[in-house]
Amino acid sequence: GAVVSQHPSWVICKSGTSVKIECRSLDFQATTMFWYRQFPKQSLMLMATSNEGSKATYEQGVEKDKFLINHASLTLSTLTVTSAHPEDSSFYICSGGQGTGEQFFGPGTRLTVL
Amino acid sequence: GENVEQHPSTLSVQEGDSAVIKCTYSDSASNYFPWYKQELGKGPQLIIDIRSNVGEKKDQRIAVTLNKTAKHFSLHITETQPEDSAVYFCAASIKGGSYIPTFGRGTSLIVHP
Numbered sequence: 001g002a003v004v005s006q007h008p009s010w011v012i013c014k015s016g017t018s019v020k021i022e023c024r025s026l027d028f029q030a031t032t033m034f035w036y037r038q039f040p041k042q043s044l045m046l047m048a049t050s051n052e053g054s055k056a057t058y059e060q061g062v063e064k065d066k067f068l069i070n071h072a073s074l075t076l077s078t079l080t081v082t083s084a085h086p087e088d089s090s091f092y093i094c095s096g097g098q099g100t101g102e103q104f105f106g107p108g109t110r111l112t113v114l
Numbered sequence: 001g002e003n004v005e006q007h008p009s010t011l012s013v014q015e016g017d018s019a020v021i022k023c024t025y026s027d028s029a030s031n032y033f034p035w036y037k038q039e040l041g042k043g044p045q046l047i048i049d050i051r052s053n054v055g056e057k058k059d060q061r062i063a064v065t066l067n068k069t070a071k072h073f074s075l076h077i078t079e080t081q082p083e084d085s086a087v088y089f090c091a092a093s094i095k096g097g098s099y100i101p102t103f104g105r106g107t108s109l110i111v112h113p
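Residue numbers (the numbering used here), protein chains in the order written: chain A, 1 to 114; chain B, 1 to 113.
Hints may be right or wrong, so weigh each one.
[Unchecked claim] Here are the simulated DSBU-like cross-link-like pairs (lysine-lysine), alpha carbons at most 30 Å apart as the crow flies:
1. K20(A) / K37(B)
2. K57(B) / K20(A)
3. K71(B) / K66(A)
4. K64(A) / K58(B)
5. K22(B) / K55(A)
6. K71(B) / K41(A)
7. K22(B) / K20(A)
8. K41(A) / K95(B)
9. K14(A) / K42(B)
10. K37(B) / K22(B)
11. K42(B) / K20(A)
12. K57(B) / K66(A)
13. K22(B) / K41(A)
It should be emphasised that the hints constitute simulated quantities derived from the structure, not laboratory data.
Note that the structure is predicted; figures quoted are calculated from it, not measured.
The whole structure should be built from the sequences, with the hints applied where relevant.
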C-alpha cells in the first residue's frame with residue numbers, strides 16, 4: 001500500500017519558537033496533501049489542503065500566517081508552526097492523495113509546546 | 001456543507017462477536033465513503049472504502065454497506081479479534097470537492113479476549 005512518512009514523530013519546543021514538520025509520500029506521487037490536527041479522543045480536524053506548486057487552501061479559523069504550508073514537490077509537504085504557544089500542542093497528521101478519493105495518512109507528529 | 005454522524009461512540013464486544021458501526025451523511029452529492037482505523041498514537045489507516053455506484057463491498061472479515069437513498073453507510077467486522085481494538089472513523093467526500101473528507105466523530109471499539 002501507499003506509504004507516507006512524517007518527521008519528526010514527536011517534538012518538544014519552547015514557547016515562541018517555530019517548528020517544521022515534514023510529510024513525504026514514499027512510493028507514490030501525492031498531487032494533493034492534507035494537514036490535520038487532532039486533539040485527544042477527538043476526530044481529525046482539517047487544517048489545509050495543498051496541491052503541488054500551489055498555495056495551500058486553509059480551512060476557516062486556521063491562521064495561515066501561523067501555520068505555513070509548503071508543497072514543493074509531489075512527494076514533500078511541510079507544515080511550519082510559527083511562534084508556537086502551548087495551545088498549539090497537538091497531534092498533527094498529514095495525508096496524501098492522487099485525486100481518486102483515497103488518502104494515505106502519515107504516522108503523525110506529537111507537538112508539545114512548553 | 002456535509003455533516004457526518006457516527007454511532008456508537010464506544011462499542012465493546014467479546015472476541016469472536018461481530019461489530020457494526022453506522023454513519024449517516026447529509027449531502028446527497030457525496031460519492032466516496034472511506035473507513036479508517038486509528039490505533040493509539042498513530043495515524044489513521046484506510047481499511048475499506050465504497051463508492052456510490054455500489055451497495056456493498058467486502059474484504060475478508062470487513063464489509064461496508066451503503067444505502068444512498070437513506071444516506072447511511074455501515075462498517076461490519078465479523079469474528080472480531082483483540083487486535084481489532086482501535087478507533088474507527090467514517091468519512092464522506094465528493095469528487096467535485098477535491099475529495100476533501102468530512103469525518104465522523106469516531107467509534108472506540110474494544111474487543112475483549
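Hint-by-hint comparison with the structure:
The straight-line distance between the Cα atoms of K20(A) and K37(B) is roughly 26 Å, inside the 30 Å bound, and the hint therefore holds. Restraint check for K57(B) and K20(A): the C-alpha separation of about 40 Å exceeds 30 Å, so the hint is violated. For the proposed pair K71(B) and K66(A), the alpha carbon gap of about 37 Å is over 30 Å, so the pair is violated. The suggested pairing of K64(A) with K58(B) is violated, with an alpha-carbon distance near 41 Å, which exceeds 30 Å.
Taken as a hint, the K22(B) and K55(A) pair is broken in the structure, with Cα atoms around 36 Å apart against an allowance of 30 Å. The straight-line distance between the Cα atoms of K71(B) and K41(A) is roughly 26 Å, inside the 30 Å bound, and the hint therefore holds. Simply put, K22(B) and K20(A) have alpha-carbon atoms about 37 Å apart, too far for the 30 Å limit, and the pair is violated. With a CA separation close to 29 Å, the supplied pair K41(A) and K95(B) stays within the 30 Å bound.
Between the alpha carbons of K14(A) and K42(B) the distance comes to roughly 24 Å, so the proposed pair stays at or under 30 Å and holds. Distance check on the hinted pair: K37(B) and K22(B) sit about 14 Å apart at the alpha-carbon level, within 30 Å; holds. Annotation: proposed proximity of K42(B) to K20(A) holds, straight-line Cα distance about 19 Å (limit 30 Å). At most 30 Å may separate the alpha-carbon atoms for a hinted pair to count; K57(B) and K66(A) exceed this at roughly 42 Å.
Our distance criterion of 30 Å between C-alpha atoms is met by K22(B) and K41(A), whose separation comes to about 18 Å.
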